[in-house]
Amino acid sequence: MRRVFRRSDNLGRAQRSIIEPVKVMTKPLATIVSAGVSKFGARSGMYARELFVEAAQEAFERCPNLSPKKHIDGLFVGQMSESYEHQAHVAPMIADWVGLLPVPAFRTEAACASSGIAMRCAIFAIKSGMHDIVLVGGVEKMTNRPTSAATEYLGMASDFPFEQWHGVTFPGIFAMMATAHMAKYGTTEEQLAKVAVKNHENGTLNPKAHLQRKITVGDVLASRPVAWPLKLYDCSLISDGASCLVLTNPKLAKKFTDTPVHIVGSGHAQDTLGLFERDDITSMNATKLAAKDAYEMGKINAKDIDVAEVHDCFTIAEIMAYEALGFCKQGAGGKLIDDGVTNLGGKIPVNTSGGLKAKGHPVGATGTAQASEIYLQLTGQAGKRQVEGAEIGLTQNIGGSASTAVVQLYRRGD
Amino acid sequence: MEPDKVIKEKKPESKWSEWGRLGKWNVVGYKIIEGNKGPRPDKLQRARYMLVNRPWDVMYEHSYGLVSRFFEGLMEKKLFGTKCPRCGDVFCPPRAHCWRNKCKLTETEWIDMPMHGTLHCFTVLGFAGEAFLSDLPFILAYARLDGANTLIVGRLVGMDPEDVECDMKVNVKFVDQPTGNPMDIYFTPEGPPLNRRSSEEKARMRKQLEPIRAWVKERFGK
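Line order of the protein sequences matches chains E and L.
First residue of the first sequence? That's 6 in this note's numbering, and the numbers climb one at a time after it.
First residue of the second sequence? That's 41 in this note's numbering, and the numbers climb one at a time after it.
Mixed in with the good hints there might be a few duds.
Cut-off 25 angstroms, straight-line C-alpha distance, at most; resulting in silico cross-link-like pairs (DMTMM-like, lysine to aspartate or glutamate) [said to hold, decoys possible]: (1) L:Lys55 / E:Glu157; (2) E:Lys219 / L:Asp82; (3) L:Lys242 / L:Asp203; (4) L:Lys209 / E:Asp285.
Stretch-level coverage of chain E by chain L, calculated; a stretch enters the list once three of its residues show a Cβ under 8 angstroms from a Cβ in chain L [unchecked claim]: (5) 144 to 158; (6) 179 to 187; (7) 280 to 287.
Only part of the chain E face toward chain L is listed, based on derived beta-carbon distances under 8 angstroms [as the list claims (entries may be wrong)]: (8) Gly50; (9) His91; (10) Pro166; (11) Phe167; (12) Gly172; (13) Thr174; (14) Pro212; (15) Pro230; (16) Val231; (17) Ala232.
Read the hints as simulated data drawn from the structure, not as lab findings.
It should be emphasised that the depicted structure is a prediction, and the values quoted were computed from it without experimental measurement.
Glycine included, C-beta positions come from ideal geometry on N, C-alpha and C.
Work out the full structure, taking the sequences as your base and the hints as a guide.
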């Protein structure tokens, strides 16, 4: 028996199926008019604030009609931990460094979903009318400490003390999900490896990606176990990087760009912090709930998605995301990757940027980096990895052991 | 209101009080580097930057809060859980209040937990935080103790990694000298391996874990 818990009274929303496709245009929540991403990698020559500037510069250059100091009236920054760089209260610092003082600015934290949550805040700000144009992004400078120490800091997003003190790492937590998923659905190490192979291949088409080389299933299987069954090549990277978006309302967006990207659905849900209290550790319940809300809001069905960025912190997470987002039924994620449905050129290309796996995973920057990739795809600026004619995109950003999930839906606005 | 009084105490040795400020505030090393700067691989320029080494660490005084009894129990080699008097759900690790919405944060009651359960899932760690590196590779498992509605984390010892499988029965054991740490308990297998894995799969797993053992031997000499 794989399903342990019976907290069914809290699960009402999850059990309703995702609604049938309805092709109607809904009013956007907010509109992206520009995006920027720093080069991801071991950026030992840069402070976090400088990485953010690198991303912001790209976003500002991409939007010549925008006069940042004059137009931007709010800043939201996602960052997981002050421990990497020993710097808390980063919002005023970043506001200063990107030349926006004294705009209201604050930092949001939800582990690896920190900037996904920052985006939610930015959407609230725009949708409520409290702000007109905001800069929202995320940054993490993780390589200041040895990998073992960075692993420990990331581990702070698991339960204290029951998981942390046993030395449970995040690869360990996702490996637990993997062994359970393998036992329940017969998912194989080879299927996990295929996710890494696909994302590495996409990464070679993205000049911003941390890793720039193709690998084979054999390479993955032969790489050193980090937390068996997850090997080195099943795991995302500890990277430095920043990303940001310029968000406004659909009406003002016309002043800044001819190719806006509308955010038409946004969902956010939580699951238990500790994996040991989950209803079912083989499915991402919070992602299911967040996706359901986003799909309903955007009147979009999983079948309508042209391109998606999902949170592949570990290969098993991408497989479980397919299932939770409705790209396939529960347990069929392994088959979906076998069938090549999510390859570039497949029916739903997933992680065209290279994903967290190859592009890199500076945790605080990941949420808005995913949105930046969708922005590039929907505006035809994705270069060699362009998905032809992409109109509808999706991002799924999770925090911790998928305890936080943010799902956003995007529609090309021109 | 009566002031708090200490019922029992083990003071940390004096060396630990030094710990917090050892090396703090000192720059103990540096590097000046010439590297590539620029947002894209095709637009790089050479630029200099400086790195410094500065050690920093902390001593915590953590509170076990409302579930302190669980940890006191560990020190006496007794395993406690909690139970909701309204719905009967059993928590181990303990929760001070029931998790169900309908129970409206009912306070739970302490109960004794059985010393056996079922392994739900596991991993064999090949990398870890600084403190655990020398123990690699070790098996971590989440097991459900009989009657519990949650899983509890622990190491599994007394079995080769390639024989560990989900759904096997495990016993809970205490370390010789518990200190009130979740790591005071560990799991051992109850009965022989389930042997669902083929001998080829086992051989592959053994081979995958070889480099970890070699690395630990090289770095820690064991």
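Go through the numbered hints given earlier and state which of them the structure violates, listing their numbers in rising order.
-> none
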